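Student: Listed below are the residues making up each chain.
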Amino acid sequence: MAQGNVESAPQPATPMNMAATLAVCGGGWLVPGLGHLLIGRWIRGLIFAACVFAMFGLGLAMHGKLYDLEFDEPLHVFAFIANIGAGIPYWIAEHLNLGVGTMSWPSYDYGTTYLWVCGLLNYLIVLDAFDIAQGRKP
Amino acid sequence: MILSHFTALTIFALIVATVFALVTKNEPREQFRYGLFVFVSFLAVAFVVGWLMFPLPLSPYRP
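Going down the list, the protein sequences come from chains A and B.
Taking this note's numbering, the leading residue of the first sequence gets 1, the next gets one more, and so forth.
Taking this note's numbering, the leading residue of the second sequence gets 1, the next gets one more, and so forth.
Hints are computed from structural coordinates only; laboratory data are not their basis.
If a hint is listed, it holds; no wrong ones were tucked in.
Stretch by stretch, here's where chain B covers chain A in the computed footprint (C-beta under 8 Å, at least three residues):
(1) 41-49
(2) 53-62
(3) 99-112
Chain B is nowhere near these chain A residues, computed Cβ spacing over 10 Å in every case:
(4) L22
(5) E73
(6) F80
(7) W91
(8) L96
Remember, predicted model here, so these are calculated numbers, not experimental data.
Ideal Cβ placement from N, Cα and C applies to all residues, glycine included.
Just chain A, same shape as in the assembly (with noise of 0.2 Å):
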């Protein structure tokens, strides 16, 4: 364990090289928190997936809507792009149908803004993933 870190590992000697971050990257974007785990640093990959995840079930939970990529309507491209930062949830989501959105319901909007974070989340995580197997933080 790092000095006074929660992490379950010791930082890296060295840094990983490219290919291996790629893939941790890849990783953890399409199942999030998986490239933390990857490189070792269990505590905060866990917290990671459940604050994904959670974020994911309960917007679908409230009605909120998963975007398709569409050019008729350029505004969705950018919610579409939030949207699949989630990585496989969001493809296990749109294959079972969920996600489809039900304005009428009081949570709509709720649910949609939290489909949206938590994939814009989830490539924040990504990106620290990277910064980790880099060796560019602790």
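Mind docking chain B on chain A? Use the hints.
Tutor: The following block gives chain B in isolation, referenced to the frame of chain A:
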């Protein structure tokens, strides 16, 4: 699931503050303090903006 505005806001602030704190700080004490700051800031800003919007008419038919 239907959550009240405040409950939805509180859960949102809690999750975002947790991620922000872990991403930006390294020491546990710093993480806790920064996370608490972000969480309280979310709630405080929501209260302030909520009260600022209170007198605004939402509809011409509002009593």
